[in-house]
Amino acid sequence: MKTKKARLITNLVTYGVLTALFILLTVMIDNKTISRSLKGQLIPICCWIVMAVSLNLVVGISGELSLGHAGFMSLGAFSGIVSSGWLLNGFGMEDPTLRLVLAIVVGGVVAGVMGALIGIPVLRLRGDYLAIVTLAFGEIIKNVMNCVYVAVDGSALRFGFLKNDLPGTLLLNGPMGAVKVKAISTFAAGFVLVIFTLAVVLNLTNSRSGRAIMAARDNRIAAEAMGINITKYKMMAFVTAAVLAGMAGALYGLSMATLVPTKFSFNESINVLVFVVLGGIGNIPGSVISAAALTILPERLRFLQNSRMLAYAVLLILAMLLSNNPLMKSLWKKLIPRRREARSGEGEMRS
Amino acid sequence: MSEEKIRSKTPMVPYPSGAIVPERDLGSIPVLECSHLGIEFGGLKAVDDFNVIMGKTEIAGLIGPNGAGKTTIFNLLTKVYQPTHGTMALEGRDMGSMTTVDVNKAGIARTFQNIRLFGNMSVEENVRIGLHNQIRCGMFSGILRLPKYWKTEKAQHEKAMELLNIFDMADLADHRAGSLPYGAQRRLEIVRALATHPKLLLLDEPAAGMNPKETEELMENILRIRDRFQIAVLLIEHDMNLVMGICEDICVLNFGRIIAKGTPEEIQRNPAVIEAYLGKQKTTEETESKSSSGWKDMHERKTTEEAKA
Numbered sequence: 001m002k003t004k005k006a007r008l009i010t011n012l013v014t015y016g017v018l019t020a021l022f023i024l025l026t027v028m029i030d031n032k033t034i035s036r037s038l039k040g041q042l043i044p045i046c047c048w049i050v051m052a053v054s055l056n057l058v059v060g061i062s063g064e065l066s067l068g069h070a071g072f073m074s075l076g077a078f079s080g081i082v083s084s085g086w087l088l089n090g091f092g093m094e095d096p097t098l099r100l101v102l103a104i105v106v107g108g109v110v111a112g113v114m115g116a117l118i119g120i121p122v123l124r125l126r127g128d129y130l131a132i133v134t135l136a137f138g139e140i141i142k143n144v145m146n147c148v149y150v151a152v153d154g155s156a157l158r159f160g161f162l163k164n165d166l167p168g169t170l171l172l173n174g175p176m177g178a179v180k181v182k183a184i185s186t187f188a189a190g191f192v193l194v195i196f197t198l199a200v201v202l203n204l205t206n207s208r209s210g211r212a213i214m215a216a217r218d219n220r221i222a223a224e225a226m227g228i229n230i231t232k233y234k235m236m237a238f239v240t241a242a243v244l245a246g247m248a249g250a251l252y253g254l255s256m257a258t259l260v261p262t263k264f265s266f267n268e269s270i271n272v273l274v275f276v277v278l279g280g281i282g283n284i285p286g287s288v289i290s291a292a293a294l295t296i297l298p299e300r301l302r303f304l305q306n307s308r309m310l311a312y313a314v315l316l317i318l319a320m321l322l323s324n325n326p327l328m329k330s331l332w333k334k335l336i337p338r339r340r341e342a343r344s345g346e347g348e349m350r351s
Numbered sequence: 352m353s354e355e356k357i358r359s360k361t362p363m364v365p366y367p368s369g370a371i372v373p374e375r376d377l378g379s380i381p382v383l384e385c386s387h388l389g390i391e392f393g394g395l396k397a398v399d400d401f402n403v404i405m406g407k408t409e410i411a412g413l414i415g416p417n418g419a420g421k422t423t424i425f426n427l428l429t430k431v432y433q434p435t436h437g438t439m440a441l442e443g444r445d446m447g448s449m450t451t452v453d454v455n456k457a458g459i460a461r462t463f464q465n466i467r468l469f470g471n472m473s474v475e476e477n478v479r480i481g482l483h484n485q486i487r488c489g490m491f492s493g494i495l496r497l498p499k500y501w502k503t504e505k506a507q508h509e510k511a512m513e514l515l516n517i518f519d520m521a522d523l524a525d526h527r528a529g530s531l532p533y534g535a536q537r538r539l540e541i542v543r544a545l546a547t548h549p550k551l552l553l554l555d556e557p558a559a560g561m562n563p564k565e566t567e568e569l570m571e572n573i574l575r576i577r578d579r580f581q582i583a584v585l586l587i588e589h590d591m592n593l594v595m596g597i598c599e600d601i602c603v604l605n606f607g608r609i610i611a612k613g614t615p616e617e618i619q620r621n622p623a624v625i626e627a628y629l630g631k632q633k634t635t636e637e638t639e640s641k642s643s644s645g646w647k648d649m650h651e652r653k654t655t656e657e658a659k660a
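Protein sequences, first through last, are from chains R and L. For what it's worth, our numbering labels the leading residue of the first sequence as 1, then goes sequentially. For what it's worth, our numbering labels the leading residue of the second sequence as 352, then goes sequentially.
Excised from the complex, chain R in its bound form:
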């Protein structure tokens, strides 16, 4: 059991450690003591942390399986790129920070609206339907994005499904995706987005709405009998997660020079789900750690060349086995005496 106080301490430690890491990494960037590969990965790591934490809101806190989280990221990425390009070419807005913030907001709103549209019919259903529909949603988004052309002509946006009839500067080029994007994402923006996401999810969890979301997950019938509108709170979790994923997408999209729609495939959705499962379902700090670790890991394994992904899979399985091993668990308990006390307390209560 986690008391209110223990929860507060965990949250403060999470914020504190992340802030310390951010400061450390910024100093390392200034001193140029950071490796090039890690430096290039800092923004993606922030994006995947946001993705993992937001998916954990759906899978862990709300208890619904969503397999299309990358779809929301894709929507956020491309709407962010389009809005950033529109502001730059159409209105001559040069300030990259302002453009980035606006792009992230647009990405979040677009993904959130789409999340609401998907959620309204689906969240009324029970069981695995949401998983199936979100899976299909992710694929549909990928395929639609694959044939959308967007150009900015003067200050007007032109949409089309054929390249030829679009005048002006092309922003999205169908299957080629976004080309010649001006990378305006910064590590600081990523850090702010991570803290923002953590604050949203952790604050939500410890509020009236969050308790209602968890009540709906733990016991649907009892929650309804207590006057909790299940659909409303499932929606709340789902749409919040979609908004956050869209924001992460915008940040991600604006950190690359090119981005193809097929990047956000089913594989990426599953990847985020792996972060969530490895970090612990419902465990927000765990999601942060596992998302960061599993984003860095494949890069670190490059020396293995072709067997890189094989080693990645083996390491994943080992991590799962070790964290669930009774021997390891008892070792953890010895290392962390607080847990043992809580257990003996429970024993007394039962007897």
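These are calculated hints, taken from the structure and not from any lab test. The C-beta atom is built at its ideal place from N, Cα and C for all residues, glycine as well.
Example chain R residues on the side facing chain L (calculated, C-beta under 10 Å, incomplete):
| hint | residue |
| --- | --- |
| 1 | 203 |
| 2 | 204 |
| 3 | 206 |
| 4 | 210 |
| 5 | 211 |
| 6 | 212 |
| 7 | 214 |
| 8 | 219 |
| 9 | 222 |
| 10 | 225 |
| 11 | 228 |
| 12 | 229 |
| 13 | 240 |
Place chain L on chain R using the hints.
Using the frame of chain R, we list chain L on its own:
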């Protein structure tokens, strides 16, 4: 416990349509009115022609052998099942189009036979979930930690503690609900239901798993919450001491139908009730064949209900 307090009940007076209500409730609208309520599961009448009128502060009991349809009636009243026949009204408001959530908001709260607490949450959080529609705070106030959030959190905490204090559970507030002993879990379910500010409290076997001392305390507590919150209580219970001790009006069900209604004294004398519980006096052969078919029937009934649930 004061024996007198329990025994001294307001006299029951007749009400139109053959029901009885406590004399003190004559002036107010009946809290619950069911007429010809029934539900069929694929041709099987799990509840049939259920009529009941409950006064504003009446404590009524619903008894009957296993599989008689008592919990099904609770599920009908809370709209977990949609009734196929009849009407129900809560303080004169028709409940036909209400959902489970609406029913709770309108003023019916319930506990469950198989405890349905939020086991991984603390005792206090469970009560706070009961307060969901009483002390409200929107999603954005919660996320942005606006002053309203702190105000409502404090109000929820105070109200939860006040309610837990009724059952002397305030010191357990930080414990995990699932780790409580069985009796305490049952009490917590009552507190959680009370937190939704009901007009009618439905208790499904509140004394199950309690020892005689706890049952005595429970009886006293039920009377106390009735007096304090001025609510009606409808309870399902197999503990006859509790039922006869605090219920003013008792309704006996068998095979989904009401076989007797009346005050505890009337019920105890009623031959149909004695027959339902103990069986009719017959020759040995008859009793055997009757009871075996009866068992089978009851068993089938139960499995269908479970399958539906």
